[in-house]
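Please build the complete structure, drawing on both the sequences and the hints.
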Amino acid sequence: MLRESLNSTTQRILTRTARLLGGLRLDGPLLAGLAAIAVYGQFVLYSTSGGDWESALRGSTRLAVGAVLMLALAQLRPGFLRRLTPWLYVIGLVLLILVDAIGYVGKGAQRWLDLGLTRFQPSELMKLAVPMTCAWILRERPLPPNPRTLGLLAGVILIPTALTIVQPDLGTGLLILMGGLIVVLFAGLQIGYIVALGLGCITAAVVGWSFLHDYQRQRVLTFLDPQTDPLGSGYHIIQSIIAIGSGGIFGKGYLQGSQSQLEFLPERTTDFVFAVIGEEFGLLGALVLIGLYVFVVLRAIFLASQMRDTFARLLASSLAATFFVYVFINASMVSGLLPVVGVPLPLVSYGGTSMVTLLAGFGMLMSLHANRKLAA
Amino acid sequence: MSTHRRIKDFWREQRIFEQRAVAASVIVIALAVVLFGRLIWLQIVHYDKYTDLAQGNRIRIEPQPAPRGIIYDRNGAILAENKPAYQLELIPEEVPNIDASLRGLVDIGLIAEEDRDDVRRTIRSRRSFDSVPIRLYLTDEDMARFAVKRHDFPGVDIRTRLARSYPHGELAVHALGHVGSISVADLARSDRERYAGSSTIGKIGVEAAFENVLRGRNGQREIMVNARGRSVEKVGGLKATRNTIPGDPGGDLLLTLDLEVQRVAEDSVRDQRAAIVALDPTNGDVLALVSRPGFDPNMFARGLTRVEFDTLTKNPDRPLFNRALRGTYPPGSTIKPVVALAGLTYGVTDPLAPHHCVGFFSLPGNRHRFREPKPKGHGFIDLRGAIAQSCDTYFYNMSIRLGVRRLHNFLSEFGLGRPTGIDIGGESAGILPSPEWKQRAFRKRSDQVWFPGETVIFGIGQGYITSTPIQLAQMTAILATRGQNFQPRLVRALRDPETQKVTEIAPKPLPKPNAGERKDWDRVVDGMLAVMQGGTASRAAADAPYTIAGKTGTAQVFTVAQNQRYNEAAISERLRDHAWFVAFAPVEAPKISIAVIVENGRSGSGTAAPIARKIMDAYLLRKFPPPHNGGTSTSAQRGSILDSDSSEE
Numbered sequence: 001m002l003r004e005s006l007n008s009t010t011q012r013i014l015t016r017t018a019r020l021l022g023g024l025r026l027d028g029p030l031l032a033g034l035a036a037i038a039v040y041g042q043f044v045l046y047s048t049s050g051g052d053w054e055s056a057l058r059g060s061t062r063l064a065v066g067a068v069l070m071l072a073l074a075q076l077r078p079g080f081l082r083r084l085t086p087w088l089y090v091i092g093l094v095l096l097i098l099v100d101a102i103g104y105v106g107k108g109a110q111r112w113l114d115l116g117l118t119r120f121q122p123s124e125l126m127k128l129a130v131p132m133t134c135a136w137i138l139r140e141r142p143l144p145p146n147p148r149t150l151g152l153l154a155g156v157i158l159i160p161t162a163l164t165i166v167q168p169d170l171g172t173g174l175l176i177l178m179g180g181l182i183v184v185l186f187a188g189l190q191i192g193y194i195v196a197l198g199l200g201c202i203t204a205a206v207v208g209w210s211f212l213h214d215y216q217r218q219r220v221l222t223f224l225d226p227q228t229d230p231l232g233s234g235y236h237i238i239q240s241i242i243a244i245g246s247g248g249i250f251g252k253g254y255l256q257g258s259q260s261q262l263e264f265l266p267e268r269t270t271d272f273v274f275a276v277i278g279e280e281f282g283l284l285g286a287l288v289l290i291g292l293y294v295f296v297v298l299r300a301i302f303l304a305s306q307m308r309d310t311f312a313r314l315l316a317s318s319l320a321a322t323f324f325v326y327v328f329i330n331a332s333m334v335s336g337l338l339p340v341v342g343v344p345l346p347l348v349s350y351g352g353t354s355m356v357t358l359l360a361g362f363g364m365l366m367s368l369h370a371n372r373k374l375a376a
Numbered sequence: 001m002s003t004h005r006r007i008k009d010f011w012r013e014q015r016i017f018e019q020r021a022v023a024a025s026v027i028v029i030a031l032a033v034v035l036f037g038r039l040i041w042l043q044i045v046h047y048d049k050y051t052d053l054a055q056g057n058r059i060r061i062e063p064q065p066a067p068r069g070i071i072y073d074r075n076g077a078i079l080a081e082n083k084p085a086y087q088l089e090l091i092p093e094e095v096p097n098i099d100a101s102l103r104g105l106v107d108i109g110l111i112a113e114e115d116r117d118d119v120r121r122t123i124r125s126r127r128s129f130d131s132v133p134i135r136l137y138l139t140d141e142d143m144a145r146f147a148v149k150r151h152d153f154p155g156v157d158i159r160t161r162l163a164r165s166y167p168h169g170e171l172a173v174h175a176l177g178h179v180g181s182i183s184v185a186d187l188a189r190s191d192r193e194r195y196a197g198s199s200t201i202g203k204i205g206v207e208a209a210f211e212n213v214l215r216g217r218n219g220q221r222e223i224m225v226n227a228r229g230r231s232v233e234k235v236g237g238l239k240a241t242r243n244t245i246p247g248d249p250g251g252d253l254l255l256t257l258d259l260e261v262q263r264v265a266e267d268s269v270r271d272q273r274a275a276i277v278a279l280d281p282t283n284g285d286v287l288a289l290v291s292r293p294g295f296d297p298n299m300f301a302r303g304l305t306r307v308e309f310d311t312l313t314k315n316p317d318r319p320l321f322n323r324a325l326r327g328t329y330p331p332g333s334t335i336k337p338v339v340a341l342a343g344l345t346y347g348v349t350d351p352l353a354p355h356h357c358v359g360f361f362s363l364p365g366n367r368h369r370f371r372e373p374k375p376k377g378h379g380f381i382d383l384r385g386a387i388a389q390s391c392d393t394y395f396y397n398m399s400i401r402l403g404v405r406r407l408h409n410f411l412s413e414f415g416l417g418r419p420t421g422i423d424i425g426g427e428s429a430g431i432l433p434s435p436e437w438k439q440r441a442f443r444k445r446s447d448q449v450w451f452p453g454e455t456v457i458f459g460i461g462q463g464y465i466t467s468t469p470i471q472l473a474q475m476t477a478i479l480a481t482r483g484q485n486f487q488p489r490l491v492r493a494l495r496d497p498e499t500q501k502v503t504e505i506a507p508k509p510l511p512k513p514n515a516g517e518r519k520d521w522d523r524v525v526d527g528m529l530a531v532m533q534g535g536t537a538s539r540a541a542a543d544a545p546y547t548i549a550g551k552t553g554t555a556q557v558f559t560v561a562q563n564q565r566y567n568e569a570a571i572s573e574r575l576r577d578h579a580w581f582v583a584f585a586p587v588e589a590p591k592i593s594i595a596v597i598v599e600n601g602r603s604g605s606g607t608a609a610p611i612a613r614k615i616m617d618a619y620l621l622r623k624f625p626p627p628h629n630g631g632t633s634t635s636a637q638r639g640s641i642l643d644s645d646s647s648e649e
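These protein sequence lines are chains A and B, in that order.
Residue numbers are given in my numbering: position 63 of the first sequence equals residue 63, and the series is strictly consecutive.
Residue numbers are given in my numbering: position 162 of the second sequence equals residue 162, and the series is strictly consecutive.
Zero decoy hints are in this set.
Label-pair restraints from in silico Cβ distances:
| hint | chain 1 | residue 1 | chain 2 | residue 2 | range |
| --- | --- | --- | --- | --- | --- |
| 1 | B | Arg15 | A | Leu6 | 40 to 48 Å |
| 2 | A | Leu20 | B | Glu222 | 56 to 64 Å |
| 3 | B | Arg15 | A | Leu98 | 37 to 45 Å |
| 4 | A | Val288 | B | Glu498 | 54 to 62 Å |
| 5 | A | Arg58 | B | His151 | 22 to 30 Å |
| 6 | A | Ile91 | B | Ile7 | 28 to 36 Å |
| 7 | B | Ala144 | A | Val288 | 50 to 58 Å |
| 8 | A | Ala35 | B | Pro246 | 54 to 62 Å |
| 9 | B | Arg189 | A | Ile202 | 54 to 62 Å |
| 10 | B | His151 | A | Arg77 | 56 to 64 Å |
| 11 | B | Arg15 | A | Gly151 | 19 to 27 Å |
Simulated from the structure, these hints should not be mistaken for laboratory data.
Built from N, CA and C at the ideal position, the CB exists for glycine as well.
Below is the structure:
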């Protein structure tokens, strides 16, 4: 009796929740995955701040802002998103040029626009605007795209990429490039093109690099991102690997990571937060986090595949894939598989626009999914 | 245009997308597996390696300097001790820009501009993460000045350390020596690990020779540090482990010096260039060791600036020069008793036969006159009188009869021509000439020949022969004990600072000279007694309640040409003869033997002998003149860490 009533209560709660989520146009499993990552992240950030509630609270505030934005965007009609797309792109482009110009005049690196209340990074906007625009361009054209369309797309992607790289911000620039490219890949870019593109990139990089002297390479790296000069990042990566390696299978325990607590680990609240997880929670802790990321990404791709509208599914799938690209680049860089480029760990790294952008992306994704049956 | 108008094939596009979505999912999982593999590689395969590295990061071993051993005189008076002092230290790894910080410290007057390069060099030579002392002995004013600007100097801090202090200042500085900042050269000579955490090292004298005893062993303490090298007690869930390895304090030294006798000796030659060595002839104990002018060892312990150091080294009186051990002077007539003993030993002279002294001596077939200070000569004189009156012609004659080889070998047995082996080292050997020595010493063939005339003056301690004051003190001690010979020593015992257990160092006997019979020794000593009783130094012995045997001497600085008279007034002070006096007392049971030299003091009897008398009175009668005031605490209060070695060639 009791069990039955309990069961029925549980069931009722579940159905109510599902209905509520449906009403809010949210996807339950995806939301759960995101929430798990975010909570995990806040937990870790509390540790990295040395048990400082205040900064942990500030992180949570940012998370809340992102969550609200996600909820709001999830309510949007896809048609509105679609109409918004070209304007978003144009505005983003104008702001990017503006930022570069200010940077040029001020003779320094410039990424921010000071809006008084908050500082805004146009390149972050471009991370969303570029895949949206690509999907927008491709939505009514027959797929796979023809060479002419590809040319147009190349322009749409490469212009903001270049403008971001000269800021200089190599990391974000490459992510913008990646976001656009992923849309094109999902749109069915023929294998031949993909292979050619891959080979082209590799040869260009190798040939270009081999023509440079050591000091020039150094200079190029420093030019592209002054904040990660090779010596400095060398130290960072060494300490980061020590942190992860010394974590072992089970980790040193919460708040017990000597590398992070004693500040040997640089940027431990931002780009290198993954190393804190590796140190304090070990292999298992890192595995749980990677597992959550993979779940979120696969769920998002699954949602995308249910969409009937080209714009919707291209955008949704590219948001999902880009999300994973962030995760992979960050984790690889922190564990020494890739060179250090400033890419935060999604939803965990402390700070800024990135958290908001990512959640906004998922908000759009949920909106697109909620309206999957509609012809967008 | 036609391609543009191609009709969208919804189902085909759907199929393509699904393929791509599957491919993307596979890639996502594959990349996750790559990441996972990397984590296994780091966290399982190489776990031990990274654990060690992380441990090495957070644990730093901080040295705990051991207090340096205390030095006492023979009666328990403290000669060197440790006092807490504030010093400025710098941890290079914590300083963002060392050059800028040093410049800043110069600006607020904590480091002298001239010393900046030396300080920088010292910082570079130390172990990493060592706290390097960059300025010792901060005054209250210094500390106030630093406190105001402290935030401008990350990695620079004031620390309390035990610093060396010499309560008697200049007194006995050339015996005690001093400590000084550890120089790059010091570190190259010794184990760097040993000196981690130490600010100073013994530079010369007892402080240097017994460095291994005095230093002790620095302890160690494990501390947890953060990335900036700062010690951290607790952060997050981490707590510092406090493993310590206690050190051992340095051993105390009990010296043979008698502080009061030393003070009398120093006061008696305070404003002169002079050296005095007083020994206990029965065991080689150094009772007093004086070299004037001296300097305040506290200056070095505090660290002196380049300017101060230059002032010391450029002083024409050479205060850093240890005349007692390194000053080489012709011994002059002080060796006559030993030459007389040689004559007796080899039977070349009848001690009672009168020799006719006419005021000069000539070798057969040579017109050169070896002259006598007393122009008209001493008339008829025997061995006793020749010693008492210091008759040169008597000894010219004896030298020729002995010959250079026998003279050389005999004097050699009394320790001339080689270091005495005093336990603080740093001695000169002096020169005990011989035909072989001359061949080695001169390059030109014509210079290598030994001339008979050189034998003549050898016997009165002139010519090539030079000796140090400590050699003559030891020679006199051998005469005093009729052949007992001990290596001079400044340290008579070590004392464990914790158990107070005293470990005596046994006197080190040296081979007895192979010389004469007891009556020959007595005859020579009788001659030295006569010196003090009606002889050249009789005034210095006036009213002495104990018997003294002595011998005066002059070391020629300026050679008087043939047919010229030595005219004191005409010769500038620096060219005047050095005054020697050697003596021992009481004659029946010798307790003290002394060698005194006063540079340009002219007269052994007038200048040097009264000094020896004061020292003997002090040691034998405990009779002390009122001490000289000042000079002990007047040194500058600087504290640079200049690495200056005060030993001079």
